[in-house]
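Chains as they are written, first to last, in the working numbering: chain A, 263 to 397; chain B, 46 to 181.
Any given hint might turn out to be false.
[What the hints assert, rightly or not] Looking from chain B toward chain A, a few residues come up when the C-beta cut is under 10 Å (computed):
| hint | residue |
| --- | --- |
| 1 | 67 |
| 2 | 68 |
| 3 | 103 |
| 4 | 104 |
| 5 | 133 |
| 6 | 144 |
| 7 | 145 |
| 8 | 146 |
| 9 | 147 |
| 10 | 148 |
| 11 | 152 |
[To be verified] Okay, the calculated bits of chain A under chain B, using three or more residues with CB under 8 Å as the criterion:
| hint | segment |
| --- | --- |
| 12 | 307-313 |
| 13 | 329-335 |
[Claimed, not checked] Residues of chain B placed beyond 12 Å of chain A at every Cβ, according to the derived structure:
| hint | residue |
| --- | --- |
| 14 | 48 |
| 15 | 53 |
| 16 | 140 |
| 17 | 164 |
Quick caveat, the hints were computed from the structure, so don't treat them as lab data.
Beta carbons are placed, not taken as given, at the ideal position from N, Cα and C, and that holds for glycine.
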Amino acid sequence: MDPVAKADALPVRGETDVVLVRQAVRTWSVQQGFTLVDQTKMVTAASEIARNTVLYGGGGTVRIEALSDGGRKGLRLVFEDHGPGIPDVDLAMRDGYSTGTGLGMGLGGARRLVNDFRIDSRPGQGTKVTLTRWR
Amino acid sequence: MERIPILRMGNFLLVTIQVDMHDRLAMQLQEDLTSRIAKDQARGVLIDISALDIVDSFIGRMLADIAGMSRVLDAQTVVVGMQPAVAITLVELGLSLRGVRTALDVERGMQLLEQSIGDQTFATRAHEDDGPGGES
Chain A
263 MDPVAKADAL PVRGETDVVL VRQAVRTWSV QQGFTLVDQT KMVTAASEIA RNTVLYGGGG
323 TVRIEALSDG GRKGLRLVFE DHGPGIPDVD LAMRDGYSTG TGLGMGLGGA RRLVNDFRID
383 SRPGQGTKVT LTRWR
Chain B
46 MERIPILRMG NFLLVTIQVD MHDRLAMQLQ EDLTSRIAKD QARGVLIDIS ALDIVDSFIG
106 RMLADIAGMS RVLDAQTVVV GMQPAVAITL VELGLSLRGV RTALDVERGM QLLEQSIGDQ
166 TFATRAHEDD GPGGES
């Protein structure tokens, strides 16, 4: 596991929380010295996953971790919910696939915006999405 | 309830998005704009997003939907002022905003609107001139 220099947790229960998560991720990305483009990518990825947590996961939490590995700095976001889970993760990752009202770009799109993307989902238990981006 | 203001300028409606929009506010704007296009008989909509520091798939879809709905209501939409970092992220996310016309700033956006509406008027007139008994 990468060394965590600092961490915080936020609720992701409603659409106002999605805005607050975006703002927090922006602040932390700036603190980690991300370029404007990298900040924008991280905030956008966070927005996609936070919305999924609210809409499909029935709400949950996000843990924000500032990573510091020698000279390397990064940011990790761990979104967790205890919703119904995703029955077919491969299908859900596919661009254009959506069970809801969205565009179906959320999961696949978020994966392209970060360096490391992990998803762990169990039907009936919930979903955990981990996004990591390095400076 | 919180709302994004819509200004009227001649035949055009002007919207400047200056807040970090939550999803409901975006839906509200979509509704407000379509009813204003009909009520004011607007021919063009200009949406300034220069203050937006991200456009995710939801906001991207809202912009595309507004463009589509206004087209059906016989109005043109131009989105202006997208920040370069937002544009880079949007394309990487997988959204190309197909069907949404863009311009660098408000001034160029206005020119684009005026031009396209002028072209349209001209095309309609030219068509009428070709019609039966249209000789003058």
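Hint-by-hint comparison with the structure:
1. 67: holds, 5 Å
2. 68: The hint holds - residue 68 (chain B) has a Cβ within 10 Å of chain A, the shortest such distance being about 5 Å.
3. 103: Holds - the Cβ of residue 103 (chain B) comes within 10 Å of chain A, reaching about 6 Å at its closest.
4. 104: This interface hint holds because 9 Å falls under the 10 Å limit.
5. 133: Interface hint status for residue 133 (chain B): holds (6 Å vs cutoff 10 Å).
6. 144: violated, 13 Å
7. 145: Violated: closest Cβ of chain A sits about 13 Å from residue 145 (chain B), beyond 10 Å.
8. 146: This interface hint is violated because 19 Å lies over the 10 Å limit.
9. 147: violated, 17 Å
10. 148: The hint is violated - residue 148 (chain B) has no Cβ within 10 Å of chain A, the shortest such distance being about 21 Å.
11. 152: violated, 24 Å
12. 307-313: holds (count 3)
13. 329-335: violated (count 0)
14. 48: Nearest chain A Cβ is 16 Å from residue 48 (chain B), so the label holds.
15. 53: holds, 29 Å
16. 140: The claim breaks: residue 140 (chain B) does not keep its Cβ more than 12 Å from every Cβ of chain A (closest is about 6 Å).
17. 164: holds, 31 Å
Comparing the model with each earlier hint shows violations of hints 6, 7, 8, 9, 10, 11, 13, 16; every other hint is respected.
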